[in-house]
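Engineer: For reference, the chains in residue letters:
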Amino acid sequence: MRLGFVLNEMAQGLRRNVSMVISIVLVTLVSLTFVGTALLLQFQITQMKSYWYDRAQVAIYLCTDTSPSAACPQGEASADVKTSVEQRLKSPLLKPYLKRYYFEDHKQAYQTFQQQFKGQAIAGYVTPDQLNETFWVKLKDPNQSDIITQSFNGVAGVEEVRDQRSYLDQIFSILNAASLAAIGVAVLMLFSASLLISTTIRLSALSRRRELGIMRLVGASNFTIQLPFILEGVVAATIGSVLASGAVWAIVQFFVQGYLAQALPFTSFVGIGKVAIIAPMLIGAGILLSAIASGAAIRRYLKI
Amino acid sequence: MIRIDNVTKHYRGANRPALNGVSLEIEKGDFVFLVGASGSGKSSLMRLILREDIPNSGSVFVLGENLRRIPGRRVPYFRRKMGMVFQDFRLLPSKTVAQNVAFSLEVIGKSRAFIQTAVPDVLEMVGLGHKANNLPSELSGGEQQRVALARAIVNKPAILLADEPTGNLDPATSEEIMRLIERINAAGTTVVMATHDRGIVDRLQKRVVVLSEGNIISDMRDSGYVSVDKPTPGFAAPEIATEPALAQPPRLTETFTETIVTSRSFLDEVIYENEDEK
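Heads up: the protein sequence lines correspond to chains A and B, in order. So in our numbering, the last one in the first sequence is 1220, and the numbering has no gaps at all. So in our numbering, the last one in the second sequence is 279, and the numbering has no gaps at all.
Just so you know, these hints were derived from the structure itself, not from any lab. Do not rely on the hints blindly, as some may be mistaken.
[What the hints assert, rightly or not] The list that follows gives simulated cross-link-like pairs (lysine to any residue, SDA-like), each with its CA atoms no further than 20 Å apart: (1) B/K96 - A/K965; (2) B/K96 - A/D1057; (3) A/K965 - A/R1125; (4) B/K96 - A/Q928; (5) B/K157 - A/I1130; (6) B/K96 - A/G1129; (7) B/K96 - A/I1090; (8) B/K111 - A/K965; (9) B/K96 - A/R1125; (10) B/K96 - B/G65; (11) B/K157 - A/R1125.
[Claimed, not checked] Listed next, the stretches of chain B that the computed footprint assigns to chain A, with coverage defined by at least 3 CB atoms under 8 Å from CB atoms of chain A: (12) 73-81; (13) 133-139.
No residue lacks a Cβ here, since even glycine has one placed at the ideal position from N, Cα and C.
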């Protein structure tokens, strides 16, 4: 089999079917951009998780006078409560799991609150005694927060034990849903892309049925007959997936790094390096999909 | 070389089989005409020999291959040993004469060097060396068929199948094509040719297999009948066989003509054509 011949046949097919080829390029571009975006979101979630989970602590909120009476029938936690909580944190039972802990009293809590809500109306209403005194506990392994929760939940004078990760999980589940939605759209579009590829290849075969007939007649092997058509689909889809990789790069470069990272300076966003991982995946997916779709389409023309 | 054993081919939707228990043996170097009306089974037989179809029953052996058993992936390699031409030439209109011939070699992976020598050689042989760079549309029908023949034989096939190769050509051009096919045959290629043109059949004095409604009704060498499978009542041809005139005539004589006219054989049309020519 001669490479030059196969490539020449493929080029002819691409030329004759220009508009269909362009539509394949566009559909693979859009669908793979969705796939790439979904992957970006997943990377972003992973990155944020590792960033925030590292910083997340378990808070042991002590009762205040304004706490709901169901949790804190005695009102403001007494000094005894504080001592017993602290002792328990120091006990051999819990100590091995802790990295460190510190106590935040009303005054410190008030300062932190004033900083966080600076300029907002609520900063004016809140008084120090309304804010919980808190033991902030940093675990060696953030996944073991249950140990603290179980040890202190329901203890007299403790209003609530809260793993900060539970707040983060809500954000992550929203991001996850968005990335699943993107994957859903991508699957739908990839399906239509594969149908489009097989239709195009069938048209291409139809427009070259004379050649196909003669090739079969003179004994060209199935591989030689198929290859130009498969390559035709693969080339079109590869162009689409390369463009999709470019689109993903542009999203990271101009939207994530250029806009989001400026607007939200304290959040860590996916870097341009992730594109180097996503792009080969997109191109590989494009090639695989188009090879299967066009191979299946041309097979029907090869019944001997 | 070709052995067809009790072959039946029934196409779906047809009310009678295209071939009905046909047996035929063709030796290496033979030149065989398949004649018969449209729908008599000539083309079906050729399709079976080329393994375009598989018979419903019976077996087809070609070049030592049992075509019912040959696996699909080996079929292309089998076809490389066969050449085929058609009534409608089947050239690629966008390729030149030389490119058309080269195409059949390119797709089976022949080297550029081989193609560069084989194509001019075969075009010279069919007398089209000077038109190598013309497009098929610039050629006459006879020239186009010569290109098709060049394409069929460029890979030196053992068997040449010709399905009405002169069907679209005028008698003089047909003669040229037949001379070329005879030369190909003389070089050792087995030729099986389906035709309606009884003038050609008659002039060439080769083996003639007559098909009618899927049956071989006569199989006649230039020296007479080889075998008759299923004689059809009312078909007059068998009677000619007993005529002494058929035993040796290398060409049409007046006596031969009269003999056939009186026997009102299937060769009638031929005779009238010949008389017109005189």
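Engineer: If a hint holds in the structure, say so; if it does not, say that too.
Structural biologist: Now for the hints, and whether the structure bears them out:
1. B/K96 - A/K965: Given pair B/K96, A/K965 is violated - Cα atoms ~63 Å apart, limit 20 Å.
2. B/K96 - A/D1057: Outside the cut-off at roughly 73 Å; violated.
3. A/K965 - A/R1125: violated (56 Å)
4. B/K96 - A/Q928: holds (13 Å)
5. B/K157 - A/I1130: Roughly 17 Å separates the two Cα atoms, so the pair holds.
6. B/K96 - A/G1129: Given that 20 Å is the threshold and the Cα spacing comes to 15 Å, the pair holds.
7. B/K96 - A/I1090: Between B/K96 and A/I1090 the Cα gap is close to 60 Å, so the pair fails against 20 Å, i.e. violated.
8. B/K111 - A/K965: violated (60 Å)
9. B/K96 - A/R1125: With a Cα-Cα distance of about 15 Å, the restraint between B/K96 and A/R1125 holds, given a limit of 20 Å.
10. B/K96 - B/G65: violated (35 Å)
11. B/K157 - A/R1125: violated (25 Å)
12. 73-81: The restraint on the stretch 73-81 of chain B holds, since 8 of its residues have a Cβ under 8 Å from chain A and three suffice.
13. 133-139: violated (count 0)
Checked against the numbered hints listed earlier, the structure breaks hints 1, 2, 3, 7, 8, 10, 11 and 13; every other hint is satisfied.
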